Amino acid sequence: MTLFKRTPIAPLDYTRRLWMRAWVGATLFFLYAPLLVLIAFSFNDSSRNIVWRGFTFKYYGKVFENDALVTALGNSLTIAFLATLFSIVLGTLAAVLLWRFRFPLKAGLEGVMSLPIVVPEICMGVAMLVFFARLDWPSDLPWPLNLSAITIAHITFCFPFVTMVVRARLAGFNKEQEEAAKDLGASDWQAFRDVLLPHMKPGIIAGALLAFTLSLDDFVITFFTSGPNTITFPVKVYSMVRFSVTPEVNAASALLIFLTILLTTVALKLQDFSKATA
Amino acid sequence: MQDWNRQKPAFLALATAPVLWLLAFFILPLGIVWLYSFGRNVGLTDIDISGTFANYARALEPLYLEIFGKSVAVAALTTLLCLVIGFPVALAITFAQPKWRPWLLLAVMLPFWTNLLIRTYALITVLRTQGYVNKSLGFLWDQASSVKAFLGLAPLPTWEPLELLYNNFAVILGLVYVHLPFMVLPLYAALDRMDKSLIEASLDLGAGHLRTITRIVAPLAAPGIISGVIITFVPALGAYLTPDLMGGPDSQMIANVIERQFKRANDWPFGAALSFLLMYATFMLIALQALRTRKIEARQ
Amino acid sequence: MSDKQPVISIRNVTKRFGNMVAVDNVSIDILEGEFFVLLGPSGCGKTTLLRMIAGFELPSEGQILIGGQDMAGVAPNRRPVNMVFQSYAVFPHMTVADNVAYGLKIAGIEKSEIRHRVNEALELVSLGGLGTRMPDQLSGGQRQRVALARGLVMRPKVLLLDEPLSALDAKLRAQMQFELAELQDNVGITFVTVTHDQDEALSMACRIAVMNKGDVAQMAVPADLYEHPANRFVADFIGSVNIFEGKLTLDEPERAEVNCPGLGRVYLNHGVTGAHETTVWVAIRPEKITMTAPGKAKAKDSPAGTNIAHGQIKGMSYLGDITLYDVRLETGESLRVSRPNLSRWDQEDFQWDDKVSLHWHPSSPIVLLS
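Chains as they are written, first to last, in my numbering: chain W, 1 to 278; chain P, 279 to 578; chain R, 579 to 948.
Looking at chain W on its own, in the form it has when it is part of the complex (with noise of 0.2 angstroms):
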């Protein structure tokens, strides 16, 4: 152990100390070795997928070339757009208005705002069956309408978490800042646009970034929303998970996993130059 240390260990250098740094270590190990296998072998050339039998990119042209991973991929995708966009917008006016004002069932309100977060996802899933069930929600509409109760469903459970992460940045606004700007001749609109709004958006970034990515996840609420026509990515590979393990689906999902990490980078990307700016 003296070997590796060139300062003593403190007292409260808890992190220092071997068998901290061991369970980190396993601990992290344990969250990622099975990603990381799955990464490895979806470039194995090899159908059986346990021995290293060479490097090889078919399985993602494999991928591509299976028509219905790829809609289900650009279903996906279409469905995280429109969700994140209205989540935003909802989700914003949802902030301001629990952050500005006073009003009579205020925390009725605010208790089924925190629902969508606190319910079972199996509970949220059966309740959008149900409900577009009984609507009898047609379901053999045009593209991108057919995506629309998987799309409504999705902003269900987004919005409150934008609400959620622009509610927590407004707590930190110095109310002064718009008196100023009222002071200086401009009006409620003119000091929201100019003053409120731009403090906002650290948190609007943050908070689309996350309605996007726990859309893009989502499993179990789409997997009671969707038909036939309107198979998600998800969902798609759920159903080949439960045929089988196949490189395929290896690719399929290494896929997705840089797509969150892209995600990932692009938001703490966002965060620094929002704070490098604010």
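Treat the hints as calculated values from the structure; they're not laboratory data.
Treat each hint with caution, since some may be false.
What the hints assert, rightly or not - For the chain R half of the interface with chain W, some residues (derived, Cβ under 10 angstroms), not all of them:
(1) Asp607
(2) Arg629
(3) Phe634
(4) Leu636
(5) Ser638
(6) Gly651
(7) Ala653
(8) Pro654
(9) Asn655
(10) Pro658
Just so we're clear, the structure is a prediction, and the values are computed from it rather than from any experiment.
Backbone N, C-alpha and C fix where the C-beta goes; we use that ideal spot for every residue, glycine too.
Given chain W's structure and the hints, the job is docking chains P and R onto it.
What follows is chains P and R alone, placed relative to chain W:
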């Protein structure tokens, strides 16, 4: 904060859309499910809302009570394991050097952002009978066997791959795998907020590290521990995907039963009743937590 | 004092954080029963030094001895010192009495003895009867007393106090300065206090070590620090001072002269010891300068050896007990002068732009070599 009727146009502009959306696409769907839970199937597609409690009575039959009990037990064990694994990790992140801290947090967060289905699938691929875990164990077994043979002892019997999937063990492992970040983040938040000099004061007064953690750190991080427990327990209780993909025939949880009522058994009223029972259980936990925080806030 | 044993010996201690040197080869002996103060601006290394004594930071080089024992490898919970933290670190989930009893319980002391000692300690810090309160029901000053009692009850060899008064308001701080000094006198435990507040240091300490950028700039009793600062840093840090650079033109045992371009010729009634170079600095405290209406005599007419300067008042600030004047000298430099407001109606009411003469005794200027 302003009173709503001092600025009615602005208030209405802000309130209308989100409130209507919630009513139409959240409260209404839940309301329909709630009504269905008091109904019964008439014919193939029609449901007669007759105000019967038969569905709830059926949910209290031993078969379903057992599944409920099992779901609670599985979720509780998952939560406990997450706490035991996650606490030292949260502690390590809290006391990591500032330049390492965001990276460690990111390392915990990243799986959390990754698709649940894919994480579950990844775990399945390594746990299969031909997966890496079995392969590594087999390798170690063979090594041990050859060492024994080398020492002149009888070699071990041939390695039989372990059945790591499609049983209760797999479900719990899968749930821990998926929910660990849920536990680490609130724990970290609570530990990070804590005044580090409290720990130093305890050490200074003669307590060892273990005693400091049990008598100072844990009580002070209790709000974080409790919210971590609830944030892990609630989704674990309602978990659908993990028991569905990794469980065996006897490891079905409540969410799988609900799904079956809607997708296969086509007994929507009963599914609706089960679904609301699960929701009530969830709400009770969250209400308890809310009451606790309110009490703490009131005391301050 | 010299016959007392050092209870803490800091020997050539250096502490580095990465490339930053927080404490640079410091050696200090702290004597038994002393009220010792580490004084310096923020970032000077004083808190790091204190935390090294407590064992929360480990020296990169050097040794710390407590009661003659090397503390290397001794964990904080095994050291015979206790600390009062800047944030007080009163455990918020325990009552006042439980806080004070915490260390005793861990030491495995008998229950009745604990109760007795806790009560005694609470009485000592005038918190008798508040034992059942929770910390959030106490004021800041009371919480600080809890932290004090919690340390004192352990009967440590040394009590370490990290900025003990910084979180209190000005009135309470002044009161606590006296109380702390009196308390220390009563219990006879060595106190080592860290502060950035010179008033606090001067009023409480037996000895003060002034630290600057990881170094001890000077270690002395309070009056010496003020009247005989060792260098410009100490002169400037302790109290208010006017400093001028000059050339040492005469240096005899009973007499010296410094020619300062900014102030003129400064006469001293003592020699300068240890001057190797002719560049020196002259420091004069504002209260040691007498200000009068301009006399008829010009500077060049006054007898040799009289310190005199002329200027015009360019700024005044009335502080109640004294008034501070900013006097622009004929050389263009400014000199700060303070005058006590001895009567409620000052006869010589100096005004903005008044021309004034300034005098000071030849014992007043301090010659600094660095």
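Here's how the hints hold up against the structure:
1. Asp607: Result: violated, 24 angstroms to nearest chain W Cβ.
2. Arg629: 9 angstroms, holds
3. Phe634: OK, holds: Phe634(R) within 10 angstroms of chain W, min 6 angstroms.
4. Leu636: This hint holds: Leu636(R) lies near chain W, its Cβ roughly 5 angstroms from the closest one there, short of 10 angstroms.
5. Ser638: Cβ of Ser638(R) sits 7 angstroms from chain W, so the hint holds.
6. Gly651: 8 angstroms, holds
7. Ala653: Hint holds; Ala653(R) Cβ to chain W Cβ min 6 angstroms, cut 10 angstroms.
8. Pro654: With a closest approach of 5 angstroms, the Pro654(R) hint holds.
9. Asn655: Holds: closest Cβ of chain W sits about 8 angstroms from Asn655(R), inside 10 angstroms.
10. Pro658: Because about 16 angstroms separates Pro658(R) from the closest Cβ in chain W, which is outside the 10 angstroms limit, the hint is violated.
Of the numbered hints stated above, those contradicted by the structure are hints 1 and 10, listed in ascending order.
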